[in-house]
Amino acid sequence: MFFLSKLLGQQVKDSRSQSVGVLDDIVVTIKRKYPSATKLVIKSGRKKTLLPWQLVRNFEESQTMLRLPAGELEAVEPEEGEIFLAGDILDKQIVDTEGHKLIRVNDLQLARANGSLRVVGVDISGGAIMRRLGLSRLAERLSRRVEPHLLDWKAVEPVGAGEASGMKLQVTHDKLALLHPADIADIANELSPEDRVAVVESLEDEVAADTVEEMHPNFQAALLNDMDEKKAATILSNMDPDDAADLLADLPEEKAAALLASMRMKEARDVKQLLRYEEDTAGGIMTTEFVAVPPGMTAGQAIGRLRELEPNAETIYYMYVVDDDGHLAGVFSLRDLLLARRDEKVEDFMEHHLISIHADAKLEEVAQVVAKYNLLALPIIDEENILRGIVTVDDAIDIILPLTWKKRLPKIFG
Amino acid sequence: MRRFRLLRRFERPRLSRVGRPHMPNLPSPRLPALPRIGRTRLLLFLAMIGPGLITANADNDAGGIATYSIAGARYGYSMLWLLLLITFSLAVTQEMGTRMGVVTGQGLAALIRERFRLKLTLLAMGAMLVANLGTTISEFSGVATSFQLFGASKYYAVPFVAVFIWLLVVRGSYKIAERVFLVFSSFYLAYVVSGIMAHPDWSQALHSTLVPSFQMNAGYILLFIAVIGTTITPWGQFFIQAYVVDKGISIRHYRYTKTEVIMGAIVTDVVAFFIIVACAATIYATGGNIETASDAAQALAPLAGEFASKLFAFGLLNASVLAAGILPLATAYAICEAFGFESGVNRSFREAPIFHGIFSASIIIGAGVALIPNLPLLSIMVLAQDVNGILLPLILIFVMIIVNDRGIMGDYANGRRHNVVAGLTTAGLIVLSLLLVATSLFS
Numbered sequence: 001m002f003f004l005s006k007l008l009g010q011q012v013k014d015s016r017s018q019s020v021g022v023l024d025d026i027v028v029t030i031k032r033k034y035p036s037a038t039k040l041v042i043k044s045g046r047k048k049t050l051l052p053w054q055l056v057r058n059f060e061e062s063q064t065m066l067r068l069p070a071g072e073l074e075a076v077e078p079e080e081g082e083i084f085l086a087g088d089i090l091d092k093q094i095v096d097t098e099g100h101k102l103i104r105v106n107d108l109q110l111a112r113a114n115g116s117l118r119v120v121g122v123d124i125s126g127g128a129i130m131r132r133l134g135l136s137r138l139a140e141r142l143s144r145r146v147e148p149h150l151l152d153w154k155a156v157e158p159v160g161a162g163e164a165s166g167m168k169l170q171v172t173h174d175k176l177a178l179l180h181p182a183d184i185a186d187i188a189n190e191l192s193p194e195d196r197v198a199v200v201e202s203l204e205d206e207v208a209a210d211t212v213e214e215m216h217p218n219f220q221a222a223l224l225n226d227m228d229e230k231k232a233a234t235i236l237s238n239m240d241p242d243d244a245a246d247l248l249a250d251l252p253e254e255k256a257a258a259l260l261a262s263m264r265m266k267e268a269r270d271v272k273q274l275l276r277y278e279e280d281t282a283g284g285i286m287t288t289e290f291v292a293v294p295p296g297m298t299a300g301q302a303i304g305r306l307r308e309l310e311p312n313a314e315t316i317y318y319m320y321v322v323d324d325d326g327h328l329a330g331v332f333s334l335r336d337l338l339l340a341r342r343d344e345k346v347e348d349f350m351e352h353h354l355i356s357i358h359a360d361a362k363l364e365e366v367a368q369v370v371a372k373y374n375l376l377a378l379p380i381i382d383e384e385n386i387l388r389g390i391v392t393v394d395d396a397i398d399i400i401l402p403l404t405w406k407k408r409l410p411k412i413f414g
Numbered sequence: 001m002r003r004f005r006l007l008r009r010f011e012r013p014r015l016s017r018v019g020r021p022h023m024p025n026l027p028s029p030r031l032p033a034l035p036r037i038g039r040t041r042l043l044l045f046l047a048m049i050g051p052g053l054i055t056a057n058a059d060n061d062a063g064g065i066a067t068y069s070i071a072g073a074r075y076g077y078s079m080l081w082l083l084l085l086i087t088f089s090l091a092v093t094q095e096m097g098t099r100m101g102v103v104t105g106q107g108l109a110a111l112i113r114e115r116f117r118l119k120l121t122l123l124a125m126g127a128m129l130v131a132n133l134g135t136t137i138s139e140f141s142g143v144a145t146s147f148q149l150f151g152a153s154k155y156y157a158v159p160f161v162a163v164f165i166w167l168l169v170v171r172g173s174y175k176i177a178e179r180v181f182l183v184f185s186s187f188y189l190a191y192v193v194s195g196i197m198a199h200p201d202w203s204q205a206l207h208s209t210l211v212p213s214f215q216m217n218a219g220y221i222l223l224f225i226a227v228i229g230t231t232i233t234p235w236g237q238f239f240i241q242a243y244v245v246d247k248g249i250s251i252r253h254y255r256y257t258k259t260e261v262i263m264g265a266i267v268t269d270v271v272a273f274f275i276i277v278a279c280a281a282t283i284y285a286t287g288g289n290i291e292t293a294s295d296a297a298q299a300l301a302p303l304a305g306e307f308a309s310k311l312f313a314f315g316l317l318n319a320s321v322l323a324a325g326i327l328p329l330a331t332a333y334a335i336c337e338a339f340g341f342e343s344g345v346n347r348s349f350r351e352a353p354i355f356h357g358i359f360s361a362s363i364i365i366g367a368g369v370a371l372i373p374n375l376p377l378l379s380i381m382v383l384a385q386d387v388n389g390i391l392l393p394l395i396l397i398f399v400m401i402i403v404n405d406r407g408i409m410g411d412y413a414n415g416r417r418h419n420v421v422a423g424l425t426t427a428g429l430i431v432l433s434l435l436l437v438a439t440s441l442f443s
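Here the protein sequences come in this chain order: Y and L. Here the working numbering is used: the first residue of the first sequence is 1, the next is one more, and so on. Here the working numbering is used: the first residue of the second sequence is 1, the next is one more, and so on.
If you're looking for bench data, these hints aren't it; they were derived computationally from the structure. Glycine included, C-beta positions come from ideal geometry on N, C-alpha and C. Be aware that a few hints might be false.
Output of the computed footprint for chain Y on chain L, the stretches with three or more beta carbons under 8 Å from beta carbons of chain Y [said to hold, decoys possible]:
| hint | segment |
| --- | --- |
| 1 | 103-111 |
| 2 | 115-123 |
| 3 | 245-251 |
Build out the structure end to end from the sequences listed, making use of the hints.
Printed below as a string of structure tokens:
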């Protein structure tokens, strides 16, 4: 076992035992589960040379011996998928995929395995800080009492690495992508805008959309603004229309228009519709993901439709009946549906007298109506009685209990 | 509902999303009518208010007010022209701080750790801890003296303020804390009023502001340096950067933040202007002398009226409370960020013990030391000022190197013209703060 901090600065000697400089950095390929050393950086005076790891004959904590004499050492260039341990990882932030957070790397643990040198762990302990300050003995005495904070490399993932070699690493964030989108969002919130874009772009569309929804509202617009336009439009199309509308409203006009134009047709239409309404109106908080059926449908067909669509509608406890022009004609509950005969038409058992509210209604009104009539969802209509969306009871609760503190939990004040 | 759905999707992967069901050929709403797109600039600007105004005002802390009062009382209007220089330097340094925060999404301490490694970081953080602790003590003693001016015992007042600050930050929300701090910043207007009530000679004040003058004597030069050194501080650099990172300001809106930073610097020095003017028109004009800010408040009473005096004392209290709230926070954030400890007041003590430990300890020590009877307060303030003076050059050099590093700042690194301005400002500040330290060590 080696610690990177102890290796750096040690002598590197050539095949004639002549010093050629000190070890300045170790380059690894991150394509393996435990990254193995592929190159080493030697510093002699101010000059840095990158050499292939194959030239290393003998590697010890105190010194590194090379196979060739100084004159025959040929410098190489970094390749794709390689990172500099000291330059990219040490002292930088890295994702701890088990703790779901960013951690700062105080030291790296390396080990010999199958003839190669591999990174096996990340040390984030205070003991590592002491070790690097030359207080190893004190660190050891402490570490006997305090658990060493070593994380298996398998559990971490670098973000935004590649600065040291001048080329940004194009990594798929495999381990990160397995986290819950809410956790990915928490981590992304703490990254630099550039790394945030890189992380979200590397995610699958659906996960990316959920991640953006969960992110700090202040970062969402900036993120999509900086992102590849096609990817941004895809993410928007996958988001909840009401969240997408909020986000677009924060973008500059031209950018919002461009993104709307490249979004999927149907989603773009939903979002545009939502954008018509001011934020503090029923239209501004409604969702367009509800279940609606034509009056002539039978109960059996309606159940079939429900099975088909359920995954995405906000609520299925109410189903709305609309005519061919979208006019709201009635409503029935899941209970009504289950109790109806299979071949009964929905218009025969639906409730004709329904409570609805205009899209321009104030939020307090919405909350009042939902509370008064004990509704699970309230249909939102426009001037022509066309069903535009619904406000679910949980959104109505958010009107009364301000929601902002839930999403905005920034660090500095609480 | 949203979170619930998300969880469910997670358990049952990859159901393709079907948009809205059965909605055949809806008449599409008129498109140009999307009122929420492209909101007004004023609203955006208002949302950006905070970092510049709060940080710059907090720079006018208890020590700052004392220094300005003494400058006005001893040398009249003659030092007013310095304020133009200070405004400029403050705006330049704080702008770089906000830009680094917006571009990197990281605080200054984190950037120092990444760029300058562990040992230099430790040195900077150690010095900052000492300097901030000393400054916090001087803020709490500002609280103590200003309460005494109102006839309240410091043994009740200081613990009360300490608890208030602790509760505001730990139990309050971001929005509440920001608003309270903004209200405190607006209370600085008290100085404007008391300055006007002192009936200064406006034409002479204006003349001294625009036309530089200088006196060649040790006392003047020392105060000259102190006036500049008291406004531009290391903790101000750390705080403003942490603040913009937390506020989540994007580079697109950066120009608003930049305007706000410049505004903050101007407002801060307008306040300083009125403090100097108030003392110049009264204490200096009648040949009095003062040693502290509370001396100044007391001296104002017979000359400018009881109300002006009370306003002056209130200003001191306000400034001390604001800075006493901000300093412990800035300290805790910087240290945790540098060494990778969990931080954030929204985390519990168990989750972020070091963060809460530093924050609470700073308040307890600051308030506790300020309560010790017969404390050599002046020496503590001078010590804090000296450590700040040594630290400032280091921090400014770090800032200049980071803000010029294209690997970190990308296209937002300093340009050449910007560097000339920032370089001269930095060099000037470094020379002055070293001079300040040297003079206090040898006198």
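Going down the list of hints, with the structure as the test:
As drawn, the segment 103-111 of chain L meets chain Y at 5 residues by the rule of a beta-carbon pair under 8 Å; at three or more, the given contact holds. Beta-carbon proximity to chain Y at under 8 Å applies to 4 residues in the segment 115-123 of chain L; the threshold of 3 is reached and the given coverage holds. Check on the segment 245-251 of chain L: 6 of its residues sit with their Cβ under 8 Å from a Cβ of chain Y, so the three-residue criterion for coverage holds.
When held up to the earlier numbered hints, the structure conflicts with none and fits them all.
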